[in-house]
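Between the sequences and the hints, there should be enough to build the whole structure, so can you do that?
2 protein chains.
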Amino acid sequence: MISILIIDDHPLVQDGIKTMLKAVPSVEVIGACKSGGEALEFLATVEPDVILLDINLPDMDGLVLCEKIRERYAKVKIIGLTSINEVGMITGLLQRGGNGYLLKNMERAELLQAIEKVMAGNVYLSEDANVKVLEQYKSFDEGKAPVLTRREKEILLSLANGLSGPVIAKELVLSELTIQTHRKNLFRKFDVHNVQSLLKVARDLGFLK
Amino acid sequence: MISILIIDDHPLVQDGIKTMLKAVPSVEVIGACKSGGEALEFLATVEPDVILLDINLPDMDGLVLCEKIRERYAKVKIIGLTSINEVGMITGLLQRGGNGYLLKNMERAELLQAIEKVMAGNVYLSEDANVKVLEQYKSFDEGKAPVLTRREKEILLSLANGLSGPVIAKELVLSELTIQTHRKNLFRKFDVHNVQSLLKVARDLGFLK
DNA sequence: GAAAAACTACCGGAAATGCGGTAGAAGGCT
DNA sequence: AGCCTTCTACCGCATTTCCGGTAGTTTTTC
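Those protein sequence lines, which keep their order, are chains D and P.
Take the position in the first sequence, starting the count at 1, then add 882; the result is the number in this note's numbering.
Take the position in the second sequence, starting the count at 1, then add 882; the result is the number in this note's numbering.
All the given hints hold, so there is nothing to weed out.
Same chains, same names: a pair is fine if it fits in one copy or spans any two.
Heads up, simulated SDA-like pairs for lysine to any residue below, C-alpha to C-alpha not over 25 Å straight-line: (1) 1035 x 1063; (2) 916 x 931; (3) 1066 x 1032; (4) 999 x 912; (5) 1082 x 964; (6) 1071 x 1031; (7) 1082 x 976; (8) 916 x 945; (9) 1066 x 1042.
Think of the hints as simulated: they come from the structure by calculation, not from any bench.
Right, dumping it as structure tokens:
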């Protein structure tokens, strides 16, 4: 019996996966969490064989959560879940101990295949994801998605909404110099040299819209 | 008995919705289609009471499909579904005969409420969607889509690709001062005061990607 | 062929961004 | 307690953007 934990804040996705797996006798969904915090709590009591992990969680970066889980539970298999426009996250996930990757438009058969494959110790990448990973490597040097802090995400979003440094400083009640520092750090993490490029790359990697 | 048709290319979402509605005796899912073409075929044989329509379909623009369905079947209620909280989609859907709007991170209760509401002849908008609609109306009142010249479009695109003024000047073999003038004119036309805002507004109005 | 629009280029000055650092305080994790 | 990360804030300096004009030369349009 293979035990599964779902981590996804969409009830729709939770229900969908449960339904897909209900008819399979060798697989059992033992839990479903809506946030990273909830998931870590759950894992403290029961350790599943496979985790289906949504990359976009409300309280925590999915990549960070993956890293944390991998540190603490070496044996568990982690399969990332995401929609097509966030495929830039794939390399990031694999670098942080992910065992596979599924797009949310998957078929039931593909889900089962992925579970089988990671349980056998292999990495599973969905067809579509595979293609995109290659494109990604081609178009971006190293094409890896960095981990952003809470503040950095906040400021990235403000920049995407067209706000300038001084305006953001006023809104967040911070020194303009502080905003400049965060902006600089964002530049470094994304390897860009102006805000436009920052927004373009962040968008391409799935951090925006 | 209220009959439902699901139009969504994600099996996950189809299964999720079916599960959510399975326990409700007054509602029945009579079909699930993965594309616009399939949906139109289905509708030629059976007409449901409510259609749950994903805006992002593989073969057809969800808005166009909504329009088509509304033309042919005046009585059916159409509820839009989308994962991205995209500006423009909501008003676009309502203008094309949509009766409501749900985000895919909805709870079961919200889905039921939406179905009830549209069946009673009302429009249902999810909380989050509601806020966005208001924002939308505000920004539309202030500025409508301007007409751009060839050069302006070219430079807008370069800016969206992250290029700075001097770089664009070199690429187009023009004076940097000329680029500045075009950029200034773009600012005026879109009523913005920096490149980030320019790109955001241009994107929202459909000039980019 | 004339008028209108678009494209090009300039000036001067204020404001913001970008670049390379440093550094203390606060909070989390082990 | 000690380490690490994050958040905050600063300095100096160069570059770029932004704002308000003006203006000559094409190209398009009527």
